[in-house]
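First to last, the sequence lines map onto chains E and L. Count along the first sequence from 1, add 434, and you get the number used in the numbering used here. Count along the second sequence from 1, add 434, and you get the number used in the numbering used here.
Just so you know, these hints were derived from the structure itself, not from any lab. Hints are all accurate, no fakes.
The list cannot tell twin chains apart, which means a pair is met if one copy fits it or any two copies do.
Distance condition first, Cα-Cα at most 20 Å in a straight line; then the derived DMTMM-like pairs of lysine to aspartate or glutamate:
| # | residue 1 | residue 2 |
| --- | --- | --- |
| 1 | LYS730 | GLU480 |
| 2 | LYS830 | ASP538 |
| 3 | LYS788 | GLU563 |
| 4 | LYS454 | GLU799 |
| 5 | LYS730 | ASP485 |
| 6 | LYS465 | GLU436 |
| 7 | LYS789 | ASP565 |
What follows is each chain in one-letter form.
There are 2 protein chains.
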Amino acid sequence: MEKSAIYHQPCSSYAYPYDKETMHIKVRSKKDDIQSVVFIYGDPYENIKVDGEYQWVSHRAEMKKSATTNFHDYWFIAIKPEYRRLQYAFVLTDSNGESVFYGDRDFLPNDQVTFSVPDNFFKFPYIHEIDLFKTPEWVKSTVWYQIFPERFDNGDPDRSPENVLPWGSKDPDRDDFFGGDIQGIINRLDYLKDLGISGIYLNPIFKSPTNHKYDTLDYYTIDPHFGDKETFRTLVQEAHKRGIRIMLDAVFNHIGSKSKQWQDVIENEQKSVYKDWFHIHSFPVRDGENGNFDGKPSLSFDAFGFTTTMPKLNTANSEVQNYLLDIATYWIREFDIDGWRLDVANEVDHAFWKKFHQAVLKEKEDLYIVGEIWHNAWNWLQGDEFHSVMNYPLTKSIINFFIEDKIDSSQLISSLNGHFMKYSRNVNEAAFNLLDSHDTARILTLAKGDAQKVKQALAFLFAQTGSPCIYYGTEVGLDGGNDPLCRKCMIWDEEKQDLDMLQFTKKLIKLRNDYHSILSQGSLDWLETNDSSKKVLHFSRELGNQSLIFIFNHGDKEASVSLKEDHSYTDIWNSKEIETKKIDVPAQGFTVLKTKS
Amino acid sequence: MEKSAIYHQPCSSYAYPYDKETMHIKVRSKKDDIQSVVFIYGDPYENIKVDGEYQWVSHRAEMKKSATTNFHDYWFIAIKPEYRRLQYAFVLTDSNGESVFYGDRDFLPNDQVTFSVPDNFFKFPYIHEIDLFKTPEWVKSTVWYQIFPERFDNGDPDRSPENVLPWGSKDPDRDDFFGGDIQGIINRLDYLKDLGISGIYLNPIFKSPTNHKYDTLDYYTIDPHFGDKETFRTLVQEAHKRGIRIMLDAVFNHIGSKSKQWQDVIENEQKSVYKDWFHIHSFPVRDGENGNFDGKPSLSFDAFGFTTTMPKLNTANSEVQNYLLDIATYWIREFDIDGWRLDVANEVDHAFWKKFHQAVLKEKEDLYIVGEIWHNAWNWLQGDEFHSVMNYPLTKSIINFFIEDKIDSSQLISSLNGHFMKYSRNVNEAAFNLLDSHDTARILTLAKGDAQKVKQALAFLFAQTGSPCIYYGTEVGLDGGNDPLCRKCMIWDEEKQDLDMLQFTKKLIKLRNDYHSILSQGSLDWLETNDSSKKVLHFSRELGNQSLIFIFNHGDKEASVSLKEDHSYTDIWNSKEIETKKIDVPAQGFTVLKTKS
Ligand SMILES: [Ca+2]
Ligand SMILES: [Ca+2]
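Please take these sequences and the hints and turn them into a complete structure.
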C-alpha cells in the first residue's frame, strides 16, 4: 500500500457541508492501489454501555471511487450526520488484503485499541448553516454572454470618440476606437434573448481614456462614449424584462493614472491626501522620472504588473476600502446590477474581499461574485469571498484536447477530474466556465478556423458542471488572435455571419436551458468507450432518476459506442429514437442521449 | 519517482508569508524518494527581451530537506520576492536522475515549453501585510500556568460554598467544593512570580452552580464563591505589576441551563424571547420531558454533547452575537485581561469567531486568542480567528514517548515533524503547549508517579517552539487521574510538596526565560544519536548565530552522544564546560548545551 499518497484534509474540499444537513467526504489514494475504502463514522458524543463500559456508537459505509486521475483515485461519500456533528476515519484495504486505519493521527493499526481513542478520528465538529458555501441559485441555470462594449454595436453614433473608425473596417490595434456603446447593447437585447442567453458579463464601462477601460478614471461615471447613467439604467431594466442578468467588471486592484487621486499624488507628492491610497516607495511618481518607465521593474510604486498607467490601490487603507465598497454597493443600489466580476482579484487582499462580500450581499443577497483568478483559487472560495472564479484551467484542458490535439482522452479526463476535485461541489456548481475572453485568443482562431472543432468544444463546455459563457461573436464565427485581435467588432452583417454556427449555438443553449438542473447539479460519470485511439469521450450526467449521456468523437473516423443494456435511449440532439444498444457517432461529431425511465 | 506522494497547496501552510517580505514555501515528497528539489521563482510580470522575444526572468534555488516523517520528506525554502509577487514551481529529481516539473497544472516535462507558459506555475499573487498571520509578540516569551480556581487556594474562607470541604481533605468528587477563590490566587502571586511564570490561564470564573463553572449562569458576574469584580480587578492589576498576564476561559458554545435565558425558554417555550438563542427542535425542553434526559441522544435541543445542563447557543443569531461580543470586550475594556481561551471552540461557527477576532483585537490589539481544539485545527488558524489552539497532539506525542513508552524516538520525531508541518511557522511559534489540563489525567499519574519521567517530559515541552503551560501543582508533585481527580486541591504544605520538583521547575522556567527568543523562534534540527535502542533524542535549536543543543536519554543506561567537531560547548543545564566532542547523558537524564561562538 502506498501510504505516502493517501491524503485527506479535514474541514476542506475533502470534508465540507454540501447543504445544512449533508456532509461530502473525500479521500485520495494512489491510482489503482486501494481496493476498498470503508468510512467509519458517528456522533463524537454518542456512546452506549456495553458490559459496563462506554463504547462509541459508530457506523460503517463503503465509499465510492468517484474520480481517477493519472496518479490518484478519489473516494467519495455523502452522509447526513443525525446530530450535525461528525467523527470519522477511513479503513483502506489494498489488493493484498492489507488494511490500515487513517485518521487525525495519521495511520494506525486497524484494531480495537485504535477505535477506542476518539482523538484518532477526524472531526467535522458541527454543521453551521451560516458557514455553508452559498451561491445564488439563478447562476446555475444561467448561460452567460460576455460583451466587450467598445466592439459589440455602435447604437449611438453621436456618442463616439473623435477618431472613431468605421465599424469593422480593420483589425483592431491597441488604441483604436470603433464606437461601440450601451445603446448598441440595448438594441441587441432581443437578438440575445433569441439566442437564449440569460446573463451578460460586461467588460468595464466606467469612465476611462482607453478602449478596454481597465484604467478607471471615475468609478461613479459611465464612460461618456458608452452612454450615461440613464442609458445604463435602461439596459439593466430592459435586460431584466427579458430575464437577462447583468454583471459588471470591477477593477479594484488598481486605478487609472488619469484619476483625480493619482493626479493629486503626482502633483502634491508627500503632501497629497491620496498618498496612502497607493503603495509608494519613493517620490516623484511621475512618468519618466525616478525609474517610472512603463514596463520597467524600477517603478517607484506598485502597479498592475509594471504598468505606469495602472497604479495599485492600497486596499488595506480604510479610506480606499470605504471608497471601493461604496462604489460596489452604489451600482447595485441605484441600478440593480446582478453580479460583479473582479479584475486581478488575486492581487487584492483577502481582508478587503471579505468586507466586499459582506457589503454587496447585504445590498442584494443573490448577487454573484466572480474573481479573475487563473490559478488554483481554493483560498478565495471558502464561502466568504467569491462565489466563483473565471474557470481558465477548465478552458485550457478543453483546448488541449478538442482544439490543439495536445492531449488524449485519458489525459483530458485526468485533468478535469483533478481540477474538479480541488474544490467543493458547491463551488463547481457555480463555476464561470469559458472557452475564451478579451484576455485570450478566440477559440475559432485557436482552432485555425475549424468550426467543427469549435462546436465540439462548446458542446463539451455546456455539458460540464458550472455556468457556460460565450464570448460575443463566437456564435457567428468571429475570430481573432491574442489581444488586441480578440476584440474585433461584432459581425452584424448577416452575409458575413456564420449562420450555421448561429443555429448550432442556439440549439446548444436551448439544450442547456432545457436540462439546466441536471447539467448544473447532476453527477458526472465517465463511461467505457472501447476506443484505443483515445479520441472518444462517453459520460453521463445524472440527477435523481434523470440522466443524459454525452458522446464526443474527436477522431477521424466513425466511432461505435456501447450503451448500458438496462436502459432505452432517445437521441435528443438529433431527435431520434435509439433502437439498439450501440450508437455510431461520426468523425468529429457528438451527440446527446436521454435515458427513458 | 513516486509522483502520487508529491504535494503542494498554494496559499496554505505550504506557501505563506512569514512576515511582510518573506515567503515560506514547502513541498512534500515520499520519504527517501527525491534527491533534490530546485525552486524556480520570479515575479510573474518581469520579462526581458531575448532575441526579440520576451522571456520570463526566473531564478533558481536549492530547497532544503527540513523535516522527515515515517512516510514523507518536507522540503523548505524562505524567499523575499522583490516586488511582493511570486510565481514559482518545483523541479524534483530522484536518485535515478529522473526530473519533473511540478506546478499549478501538476506534473509536466522539465523543459522550455513548460517554462514558457506562466499558467504552469503556482502563484502567491501579492504579499499583503493585512493578511499576515499575526500573533501577540509577548506570547512567544510567556510561560503559562493554568489554575482551576476552586482548587488553587482558599484565600477568603468567608467566600466559600455552604458545604465546603476542608482543603485537600479528600480526593474530589464531581460535586465537591473546597473553597478556592480569586483572593487565593492574589495571595499566591509572589509564589508564581518566584516560580518564574508570566501568564495565568484561569478556568471559568463567571457565575455558575458547579465547581468547574463551564455551565455559565451569568457572564457579567464573577462567581460569588470566587470573589467579585473588585477582587478580580485586583488580581489583574497585581498580576500585571509582576509582569504576569491573565487569560480567561470563554464558554460561548453553550450556556448553563440555570441562566435566565434558558429558564425563560423552559417557562415560555415558543413564546420565549430567547427561543432563537438556541437550536431547539421541539418543545418542551424541560429536563425529563420530551426525550430530554441527560446524556441521551433523544434531546429535543442541541447541547454540548448530550448534556441537558449545557444547551448550545445559536451563534448565528445576531442577538446572541451582540451579547457574546459585548461580554468578550467588556472584560477587556473594564478589567484589562490579556487573553481568551475559547471552550469547545470547534463547535461554534467560523462566522462568529471572525467577528470575535475583530471585536476583541479592536479592544486590545495584542490580546491572545486560544481555541480549545484537540484535532487538526488548520481552518481556525488562518489569521482571522484564533492565534493558537490547545496543542494536545503535541501532548500526546510527548506522553507516548516519555511517559508511556509506546513509541520510539523515530516515531516521536515523525509525529512531531508531521504535526508542525500542518501549520505555518507563525502558528507554531504562538502555540499553547501543555502536558495536561483539567480535561486530562495529570502527567505524574500517567507516569505512575515517576518524577524523573515528568521532568524529562517537561524539559522536552519547554524545548519546543510555542509557549509551554504548567498545570497548577505539577511543580510540587500534585497527581490525579481523569476528571474529577485531576482537579485536586493545590498542595501548600511544604512538607507534602515535592521540593525537588519545585526546584527543577524553577530552573527549567529560568532556562526558558533566559533563552526565550531561540526557543520560541529558532529552527529545530534533529541530530545524529548513534543510538540503536531509539531512546535518545538529540536536537539543536538555532536562531541567528546562537544555538542550543538538547540531549534526552530516555533509555536505561548512560548514552554517549557525539557533538559537532567545529564548535565548543558549555553545558548550561549542569553549569560546566564540555572539554571533549562527546557527551555522556545518564539514563533517564537530559542536558542542554550552548555552542560558544
Ligand atoms: Ca457610439
Ligand atoms: Ca473561599
